[in-house]
Amino acid sequence: MNSLHPASSVARDAIIETIEMVPIGSHLPANGGYGSAREIGHARMATLIFVRLSSGIVGIGECYGPPKTTLAYLDILRDAYVGQSAFDHRVIWRRMSNVLYHVRAQSQLAAAISGLDIALHDGLGKLLGLPVYRLLGGEEQATVQVYASGGYFNEPAALSLEAQLERVAGEFEGYKIKIGHGVASDIERMQCARRILGDDVAIMADINGAYTADVAIESMQALAPMRPYWIEEPVAPEDLPGFRRLAAAQRLRVAAGEASINAVEFRELAATGGVDVLMPDLNLCGGYVEALRIADLAHLNGLRISPHVWGSAVGIMAAAHFAAAMPPHPHPDRSHTPLWVEFDVSANNPLREALLTSPLQLSQGRLALPEAPGLGIEIDEERLDALRLDK
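Quick note: the sequence shown, position 258, residue 258 per my numbering, numbers continuous.
Careful: at least some of the hints might be erroneous.
[Said to hold, decoys possible] What follows is a list of derived Cβ distance ranges for each label pair: (1) Arg94 / His329: 19 to 29 Å; (2) His42 / Gln141: 14 to 24 Å; (3) Glu20 / Ala163: 38 to 48 Å; (4) Pro327 / Thr357: 27 to 37 Å; (5) Asp88 / Arg167: 44 to 54 Å; (6) Cys192 / Gln221: 15 to 25 Å; (7) Arg195 / Asn301: 42 to 52 Å.
No lab work stands behind these hints: they were computed from the structure. Glycine included, each C-beta is placed from N, C-alpha and C at the ideal position.
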């Protein structure tokens, strides 16, 4: 009986007492927006979620998407989770989504669940004294490899493509740029990237689903001599027939999935045969619970995985822990096919630069994994207050 006492004590310390959401954001200067072929953004926004356990430990997570929509699901999460053990998070997730099958976890509810799931893992890691990636089954390591995500389409007051690339050239082994304004523009932007970044780095090109399959194939054929590492979202996320057309064509490596939610949508995407790299967003796909299922799906289907990130430092670190938890696949040496983690390098992004008490540590294209338990990060309360959108 005595041997059960410590476990019982830990379980009591893991009861979920409160769940709070904090919308944060930063507006860009006038005429200084940047973004993709689909949209030029004028603000960076996210929703942070804080879960207090009965031990007093607070776990932190991040939800993708418009905060006003995410906040609408807060009461649903409280009803399902408060009073339950954080160790039961997977069962609670399934029970709630089963009951709310008319609402569907493919809505913004998925983003809310994602942030909560990340926060619960952060809390459990702190409670057990383990980094999240160790909690997920990853082996001890110090860093993960990231690629510089930038090269945005820009309004006049924002940095040009050339200026965006020049400010980070030589600091990473991989870079991503935006394309999707027509084949001639794609060629020009890729030539610019190769000229500035060099021939020895990986350059990813992101269409953000702005093409139909025929134009995507035409673009890929034109870009092939410049050796893009992958073409991301060549067709719209819902265009599964388009992905099947890509599968039938001789083409470049394709990455997709940032807009897909839960393992079911990734199963449908993988089944097209038109994707080589699946890209779950931890802040949208369902958190670690679903991301691990998606990773298993990828490995069972001979596909690679690379987490998408578009948010704050919390989301970046959540993705880093996920990547660190991945076993080598399929070769024991990852160096020739790294598991890339996206790292936004846009200038003056306070959600990335000014949210934590200790900034994220980058060196030679690798992101340091903190030694502290959980996600290993701490929110600066004063800076958080300055970024709040609900004041």
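Comparing the hints with the structure gives:
The given range of 19 to 29 Å is respected by arginine 94 and histidine 329, whose C-beta atoms sit roughly 26 Å from each other. Between histidine 42 and glutamine 141 the beta carbons are some 38 Å apart, a value that contradicts the proposed interval 14 to 24 Å. A C-beta distance of roughly 39 Å is found between glutamate 20 and alanine 163, which places it inside the suggested range of 38 to 48 Å. At about 32 Å, the CB distance of proline 327 to threonine 357 agrees with the hint of 27 to 37 Å.
The hint said 44 to 54 Å for the Cβ distance between aspartate 88 and arginine 167, and at roughly 46 Å that hint holds. For the pair cysteine 192 and glutamine 221, the beta carbons lie near 19 Å from each other, so the given range of 15 to 25 Å is met. For the pair arginine 195 and asparagine 301, the beta carbons lie near 37 Å from each other, so the given range of 42 to 52 Å is not met.
Checked against the numbered hints given earlier, the structure breaks hints 2, 7 and satisfies all the rest.
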